[in-house]
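Enquirer: Assemble the complex: chain B is given as a structure, and chain U must be docked to it using the hints.
These protein sequences, in sequence, are chains B and U.
Its first residue numbered 43, the first sequence is counted upward by one per residue in the working numbering.
Its first residue numbered 1385, the second sequence is counted upward by one per residue in the working numbering.
Do not rely on the hints blindly, as some may be mistaken.
As the list claims (entries may be wrong) - DSBU-like, lysine-lysine: derived pairs with alpha carbons at most 35 Å apart:
(1) B:Lys113 <-> U:Lys1493
(2) U:Lys1440 <-> U:Lys1493
(3) B:Lys56 <-> B:Lys113
(4) U:Lys1451 <-> B:Lys99
(5) U:Lys1440 <-> B:Lys99
(6) U:Lys1451 <-> U:Lys1426
(7) U:Lys1451 <-> B:Lys51
(8) B:Lys56 <-> U:Lys1426
To be verified - Covered by chain U, according to a simulated footprint, are these stretches of chain B (three or more residues, beta-carbon under 8 Å):
(9) 84-92
(10) 118-129
(11) 147-154
FYI, nobody ran anything at the bench for these hints, they're computed from the structure.
The beta-carbon is built from N, C-alpha and C at its ideal position, and this holds for glycine as well.
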Amino acid sequence: NAGVTQTPKFQVLKTGQSMTLQCAQDMNHNSMYWYRQDPGMGLRLIYYSASEGTTDKGEVPNGYNVSRLNKREFSLRLESAAPSQTSVYFCASREGQGNQPQHFGDGTRLSIL
Amino acid sequence: QKEVEQNSGPLSVPEGAIASLNCTYSDRVSQSFFWYRQYSGKSPELIMSIYSNGDKEDGRFTAQLNKASQYVSLLIRDSQPSDSATYLCAVRGGGNMLTFGGGTRLMVKP
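Next comes chain B alone, as it looks inside the complex (with noise of 0.2 Å):
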């Protein structure tokens, strides 16, 4: 049972370049979701997806972009990464109804130069 699987699990960057993290669930959850997750501090949101189709800015959308690509799929792309864009990145996905929790991936540690 994979749950949701993040790519890749490290990479580094060097200022101005782009990338793409991906992001699948096997759990036909509803709704999908971005997080950073800086030293110290707690998970703070960047998109969310509430269905297929649907994309809605979190708390910390600056420099980031995100596409539904299917059900199972939901990617985050910085188009010109800086070095404020170090962290570690979280996705997770939830049913999408009633009380359901959401569930984690391993997460994508991204350092950029």
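Expert: Just chain U, lined up with the frame of chain B:
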């Protein structure tokens, strides 16, 4: 302004003691409350959820919710060194989003 507040800790308790973790939230329409455990370098793992006022017990864990006072707590009985982690409180309002607190780091000393 952060909407979910937790003491960052570290909270240090001896092995076998009760660890008490607290969380306050500002959104009165919040409906669902979750506690996640996060080991260093790992992803958050759901350990408890609570939706109604009162206590909910699951093994050594008890979640307590008081909507009138807008706080939710997590008690860990018979704390073990393996419980040492950061505990994240998360609150869901009327929509699809969770708001996370900054987490409390728990250290259980043998």
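Enquirer: Quick one, are U:Lys1451 and B:Lys51 close enough, alpha carbons at most 35 Å?
Expert: Judged against 35 Å, a Cα distance of about 39 Å means the pair is violated.
Enquirer: Take the segment 118-129 of chain B, compare each residue's beta carbon with every beta carbon of chain U, and decide whether three or more fall closer than 8 Å.
Expert: As far as the segment 118-129 of chain B goes, the hint is violated, because 0 residues have Cβ atoms under 8 Å from chain U.
Enquirer: Given the hint that U:Lys1440 pairs with U:Lys1493, test it: the Cα-Cα distance must not exceed 35 Å.
Expert: holds (26 Å)
Enquirer: Residue count check for the segment 84-92 of chain B against chain U: does it reach three with CB-CB under 8 Å?
Expert: It holds: at least three residues are needed, and the segment 84-92 of chain B offers 6 whose Cβ sits within less than 8 Å of chain U.
Enquirer: With a C-beta cutoff of 8 Å, work out whether three or more residues of the segment 147-154 of chain B approach chain U closely enough for the coverage to hold.
Expert: holds (count 3)
Enquirer: Just to be careful, I want the Cα atoms of U:Lys1451 and B:Lys99 compared with a cutoff of 35 Å; is the pair within it?
Expert: holds (28 Å)
Enquirer: Sort out whether U:Lys1426 lies within 35 Å of U:Lys1451, counting only the CA atoms.
Expert: Holds, at roughly 31 Å.
Enquirer: Is B:Lys56 close enough to U:Lys1426, meaning Cα to Cα at most 35 Å?
Expert: holds (25 Å)
Enquirer: Take the C-alpha atoms of U:Lys1440 and B:Lys99, compute the straight-line distance between them, and say whether it is at most 35 Å.
Expert: holds (33 Å)
Enquirer: What's the verdict on B:Lys113 and U:Lys1493, does the C-alpha distance respect the 35 Å limit or exceed it?
Expert: violated (44 Å)
Enquirer: For the pair we were handed, B:Lys56 and B:Lys113, check the Cα-Cα distance against 35 Å.
Expert: holds (32 Å)
Figure legend: structure checked against the earlier numbered hints; hints not met, in rising order: 1, 7, 10.
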